Structures are given as C-alpha cells and as structure tokens.
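Asks: In this note's numbering, the protein residues as written are 1 to 347.
Please keep in mind that the hints were generated in silico from the structure rather than gathered at the bench.
Remember, predicted model here, so these are calculated numbers, not experimental data.
A hint or two may mislead.
Keeping only pairs whose Cα atoms sit at most 27 Å apart, straight-line, the calculated DSS-like set for lysine-lysine is [unchecked claim]:
#1 279 - 311
#2 236 - 330
#3 236 - 130
#4 130 - 3
#5 236 - 286
#6 231 - 330
#7 279 - 231
#8 299 - 336
#9 311 - 330
#10 279 - 330
#11 325 - 286
#12 299 - 228
#13 130 - 120
#14 299 - 325
#15 336 - 325
#16 311 - 336
#17 299 - 286
#18 279 - 336
#19 330 - 286
#20 236 - 325
#21 311 - 286
#22 336 - 228
#23 228 - 279
#24 299 - 231
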Amino acid sequence: MVKLSGSSGENYAYLWEPGGQTTESIDVTATSDITYRLTVVDTVTGEQCLSAPFLLSVRPVFDINIEQMQLTCTNGDNDNGNTAMIQATASGASSAYHYFWDVRPIQIAPGDSSLAIGLKAHLWYFLRVKDDSGCIQTDSFFTTAYPNPDINILTDPDTAYIQNPYITFSFENLTADSIEVTNHFWDFGDDTPTSDFPTPRHLYTEEGTYNVFLTVFNPQACDTIFTKEVKVLPVKLQVPNILTPNGDGTNDVFEIVEAPPGEDDINPMFKEGSVSGKKPLSLYYKSTSLLIFNRQGRKVFESDDYQNDWKGEGLSDGVYFYVLKCVGFKSNEVYKGSITLVSGRNN
C-alpha cells in the first residue's frame with residue numbers, strides 16, 4: 001500500500017484520476033504499474049492546477065523457499081539437540097536478496113545470511129527477506145528432528161515381593177522396522193548402578209514403589225527416555241483351613257495365596273473372588289516346601305516346590321496338619337496350622 005498526497009490548502013478541492021477520490025491524500029493498493037494525475041481547484045478563485053503524471057511502479061512479488069538442510073536430536077538441552085540447519089532461497093526479478101533471521105548472530109552462517117545454523121527442533125523460526133528495491137517479504141519454518149524409537153518396557157513379574165524381590169526387565173522396539181536402537185541403559189530407580197544389559201535381572205532390597213528409566217539411542221546418538229513404575233510389596237500369605245474337593249470351584253485345592261489387605265493369614269473358607277490374586281508361591285518366596293501330616297503324625301504329602309495343587313487325594317475326611325517352610329531374601333518363615341478335609345470319602 002502506498003499513500004499519495006497533494007498540496008494542502010484551506011480552500012482547495014481535489015480530484016484524483018483514476019479513481020475519482022476527492023480527498024487530499026489517498027491510499028493506493030496496486031498489483032501493476034499505474035499512472036495517477038491530481039487536479040487541485042481553489043474553491044474561492046476557481047483556479048485549477050493539474051499535476052504532472054505520476055507513475056506508480058509495482059515491483060513483482062518474489063518467492064521464498066525454506067528447506068531444512070540438517071536434522072537434529074529432539075532434546076535441545078544437549079549439544080546434539082542444537083544442530084539443525086535451514087536454508088532460505090528467494091527468487092524473482094531482483095538480482096540480489098538480503099536475509100534477516102530472528103536468531104542470534106552466531107546462528108547465521110559466516111558469509112551466507114540465507115543459512116541459519118545451530119537450531120533446535122520443534123520450534124518456529126521467522127525470516128524477513130529484502131530485495132534490491134527495498135521490498136520486504138516474510139516467511140517462517142518449523143524445524144523437525146531425527147525420529148525416535150517407540151519402546152515398550154516389559155517386567156517379569158509386574159509386582160515383586162520383598163522375600164523374592166527380583167524383577168527381570170526387557171524392552172521391545174515397536175519401530176524396529178524403521179528406527180534402530182543402537183545403545184541403551186537402565187536406571188532402576190533405587191540408586192544402584194545403571195545397566196546396559198538387554199534383559200537385566202535386578203534385586204530390590206527394600207519395599208516401595210520405584211520409577212525405572214530406560215534410555216535408548218538411535219543411530220544419530222539421539223537419546224529418548226522411557227519410564228515404568230514397579231512395586232516391591234511385603235508378603236502376607238493366606239492359608240485355607242478347609243478343603244472340599246467336590247468340583248464346585250470353591251476350596252477344591254489347598255491353595256495358598258496372598259492375603260487381601262486387612263485380612264488375617266488364616267481364612268476359614270475361601271470363596272470365589274475373596275482373594276487378591278492367584279499367583280504361584282515362587283513369586284512370594286525364593287523357595288517353598290510343604291508337609292502334610294495326619295492326626296497320628298504320619299506324613300501323607302510332601303513337596304519341595306509346592307505348586308498349589310494338593311487335593312487330598314486318597315485320604316479320609318478329617319483334620320490334617322501342614323508345615324509350610326518359606327525361604328526368603330530377608331528371612332525364612334514357617335507357617336503351621338490345620339486343614340479340615342471334607343470330601344465324602346471315609347476309608
């Protein structure tokens with residue numbers, strides 16, 4: 001837009017051609033060259049003054065193309081997260097163009113103002129370009145980064161117990177077809193040394209909730225951090241005192257499980273849904289063994305690795321006694337008690 005003005009005067013009237021405007025000055029927006037004339041009339045004397053033709057020249061619009069010449073890592077806090085480069089190229093009727101980036105002077109390439117260097121990813125950068133005629137155009141560019149892998153952290157088990165507080169960690173690269181993981185390390189969240197093993201088995205020595213961090217690197221040495229929460233809980237077992245192996249789904253097996261919060265370790269009768277979860281005893285302790293005795297003290301069942309599978313096979317109804325020995329990381333524990341077998345069998 002250009003502002004054109006005529007001579008000012010108290011009794012003057014104005015006429016612009018083309019357009020027919022009658023104000024002292026006009027704002028002109030033109031897309032091509034145009035010639036203006038102004039007639040000024042003294043409204044008191046009637047005298048007229050006709051201006052010389054005025055050619056308003058319009059410079060053609062020039063094009064700006066911006067291209068990212070080098071990617072960078074996502075983390076702009078690291079040195080390798082400040083390496084993006086973008087190049088601007090203006091083209092049109094002018095013989096030369098001048099580039100002005102909204103960056104620090106040290107981020108302009110020496111001897112080439114069209115190239116901005118040392119930039120971060122995922123930011124907008126703005127540019128002004130001026131041609132030899134003084135015409136200015138603006139543009140902007142959003143920088144991108146090297147792609148990062150998508151990782152899923154796996155734990156076995158999902159929750160550990162203090163008497164067997166080992167968790168094996170692993171991960172799967174969900175983008176393995178396109179983005180390689182070239183290096184990695186684990187931080188287990190408990191102030192122990194990190195590990196670069198692909199599937200480390202870690203020992204937690206205290207109960208608690210831990211945030212585990214996995215740092216992976218892509219081929220350009222860009223790092224991405226993934227996290228997963230794990231828990232190490234105290235152990236409290238719930239041992240049934242009745243066994244009714246009649247196939248109704250309740251108390252069919254002498255099943256020792258984790259006690260729900262607030263319940264005693266001895267529960268008179270298990271019902272479906274009454275336990276917090278049916279898990280193998282090996283999850284709670286490093287090892288377990290079970291002995292079952294009858295009233296006369298004769299051993300009727302023994303297992304050095306009890307799998308929650310005793311059903312009182314071949315035994316008469318009555319009261320039996322168990323001894324469950326548990327070897328744990330913190331201590332060894334022994335559970336003792338009685339179990340009443342009600343099967344309908346009487347030998």
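Asks: Each hint needs a verdict: does it hold in this structure or not?
Replies: Right, here's what the structure says about each hint:
1. Of the pairs offered as hints, the one joining residue 279 and residue 311 holds, with about 17 Å between alpha carbons and a cut-off of 27 Å not exceeded.
2. Between residue 236 and residue 330 the alpha-carbon distance is near 14 Å, which keeps this suggested pair within the 27 Å criterion.
3. Straight-line distance between C-alpha atoms of residue 236 and residue 130 comes to about 77 Å, which puts the hinted pair past the 27 Å bound.
4. Only pairs whose Cα atoms come within 27 Å are accepted, and residue 130 paired with residue 3 is accepted, the gap being roughly 21 Å.
5. Proximity of residue 236 to residue 286 is assessed by CA-CA distance (about 15 Å); at most 27 Å being required, the pair is judged to hold.
6. For the given pair, residue 231 sits about 17 Å from residue 330 by alpha-carbon distance, which is consistent with the 27 Å threshold.
7. About 16 Å separates the Cα atoms of residue 279 and residue 231, which keeps this hinted pair within 27 Å; it holds.
8. As the CA atoms of residue 299 and residue 336 are separated by approximately 14 Å, the hinted pair is consistent with the 27 Å bound.
9. Distance check on the hinted pair: residue 311 and residue 330 sit about 31 Å apart at the alpha-carbon level, beyond 27 Å; violated.
10. For the hint pairing residue 279 with residue 330, the CA-to-CA distance comes to about 20 Å; that is within 27 Å, so the pair holds.
11. For the proposed pair residue 325 and residue 286, the alpha carbon gap of about 11 Å is at most 27 Å, so the pair holds.
12. Taking the CA atoms of residue 299 and residue 228, the gap is near 46 Å; set against the 27 Å cutoff, the hint is violated.
13. Note on residue 130 and residue 120: the hinted pairing holds, with a Cα-Cα distance of about 25 Å set against a maximum of 27 Å.
14. The suggested pairing of residue 299 with residue 325 holds, with an alpha-carbon distance near 15 Å, which does not exceed 27 Å.
15. Only pairs whose Cα atoms come within 27 Å are accepted, and residue 336 paired with residue 325 is accepted, the gap being roughly 9 Å.
16. Under the criterion of a C-alpha separation no larger than 27 Å, the hint pairing residue 311 with residue 336 is consistent with the structure, at around 18 Å.
17. Our distance criterion of 27 Å between C-alpha atoms is met by residue 299 and residue 286, whose separation comes to about 24 Å.
18. For the suggested pair residue 279 and residue 336, the alpha carbons sit about 20 Å apart, so the restraint of at most 27 Å is met.
19. Restraint check: the Cα-Cα separation between residue 330 and residue 286 comes to about 10 Å, which is no more than 27 Å; the hinted pair holds.
20. Pair hint residue 236 plus residue 325 holds up; C-alpha atoms about 14 Å apart against a cutoff of 27 Å.
21. Of the supplied pair hints, the one linking residue 311 and residue 286 holds, its CA atoms being roughly 24 Å apart against a limit of 27 Å.
22. Annotation: proposed proximity of residue 336 to residue 228 is violated, straight-line Cα distance about 38 Å (limit 27 Å).
23. For the hint linking residue 228 to residue 279, the alpha-carbon distance of about 22 Å falls within 27 Å, and the restraint holds.
24. Distance check on the hinted pair: residue 299 and residue 231 sit about 38 Å apart at the alpha-carbon level, beyond 27 Å; violated.
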